[in-house]
Amino acid sequence: MPRGRYSLHDPHDHTPLAEEHFQCAPGPSGWRYVSQLTTPAGDHSGSVDLTLDELGRPIRLELHAASWQVRGAALDGVTWVRTDPTGAHATEGNVAAHAFTGTSPAFLVATTRLLRLTPSASATRVRLVAFTDPVLAPRTVDQSWTLLKRETHATDNGLLSVEEYQVTALDTGEQHTVHIAGDVVLAAPGIELEDLESPPSTFPAPPLD
2 MPRGRYSLHD PHDHTPLAEE HFQCAPGPSG WRYVSQLTTP AGDHSGSVDL TLDELGRPIR
62 LELHAASWQV RGAALDGVTW VRTDPTGAHA TEGNVAAHAF TGTSPAFLVA TTRLLRLTPS
122 ASATRVRLVA FTDPVLAPRT VDQSWTLLKR ETHATDNGLL SVEEYQVTAL DTGEQHTVHI
182 AGDVVLAAPG IELEDLESPP STFPAPPLD
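Every position in the sequence shown, counted from 1, becomes a number in this note's numbering once 1 is added.
Where hints are given, some of them may not hold.
[Unchecked claim] Distance windows between CB atoms, simulated:
no.: 1; residue 1: His45; residue 2: Arg117; range: 28 to 38 Å
no.: 2; residue 1: Thr141; residue 2: Ala42; range: 12 to 22 Å
no.: 3; residue 1: Glu55; residue 2: Thr125; range: 33 to 43 Å
no.: 4; residue 1: Ala97; residue 2: Gly174; range: 22 to 32 Å
no.: 5; residue 1: Asn158; residue 2: Pro135; range: 31 to 41 Å
no.: 6; residue 1: Thr92; residue 2: Ala170; range: 24 to 34 Å
Hints in this document: simulated from the structure, not taken from any laboratory. All C-beta atoms, glycine included, are put in the ideal place defined by N, C-alpha and C.
Kindly produce the complete structure, drawing on both the sequences and the hints.
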């Protein structure tokens with residue numbers, strides 16, 4: 002069960018935003034990721050709880066940030082309920098999208114599990130609902146994902162398979178790369194893996210074409 006810490010920062014000016022203390026593991030339903038977020042000053046600022054089924058679909062999502070809360074799941078596309086800090090107002094949303102995304106590295110792993118790309122596959126388009134800080138406002142985004150390469154590296158804990166993805170925002174054309182090993186993000190814009198107490202869990206690799 003990987004357990005560790007990510008640092009989150011502004012991808013443009015590198016301003017520190019948060020630290021995300023996480024643990025994740027494959028389970029009976031597919032994969033689960035839980036984390037607690039703290040500000041650069043060390044104050045608690047939110048949490049993430051995401052469960053995927055064996056096909057990579059989000060069957061349970063719970064986010065907390067700045068006293069806002071979102072609960073969601075893949076249902077008729079994706080469906081969610083967003084509750085304000087007072088708890089008095091809850092807004093339900095539904096979009097014909099494939100999954101969710103946001104600032105947490107969990108969503109990058111989740112997208113790769115959903116798409117299950119191979120290095121020879123062409124770019125794959127995916128529609129996601131992003132919950133943006135600081136109040137978890139929902140926004141629909143279209144992205145294109147390509148698995149550029151898969152490499153095996155020798156480590157103290159054995160061989161580690163690292164995948165490099167190219168992600169394109171279809172509204173702006175902006176591209177960036179994401180490096181993932183198993184169920185852990187090694188590096189991505191605004192994300193750095195600072196500490197990892199145990200090796201990443203491995204998923205069955207899709208067959209090579």
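Now for the hints, and whether the structure bears them out:
Roughly 35 Å separates the CB atoms of histidine 45 and arginine 117, a value that falls within the hinted 28 to 38 Å. Checked against the given bound of 12 to 22 Å, the beta carbons of threonine 141 and alanine 42, roughly 33 Å apart, lie outside it. Here the CB-CB span from glutamate 55 to threonine 125 is close to 19 Å, at odds with the stated 33 to 43 Å. A beta carbon spacing of about 23 Å between alanine 97 and glycine 174 agrees with the range 22 to 32 Å that was offered as a hint.
Range check, asparagine 158 to proline 135: Cβ separation about 37 Å, and the 31 to 41 Å hint holds. A hinted range of 24 to 34 Å holds for the C-beta pair threonine 92 and alanine 170, which are about 25 Å apart.
Comparing the model with each numbered hint stated earlier shows that hints 2, 3 do not hold.
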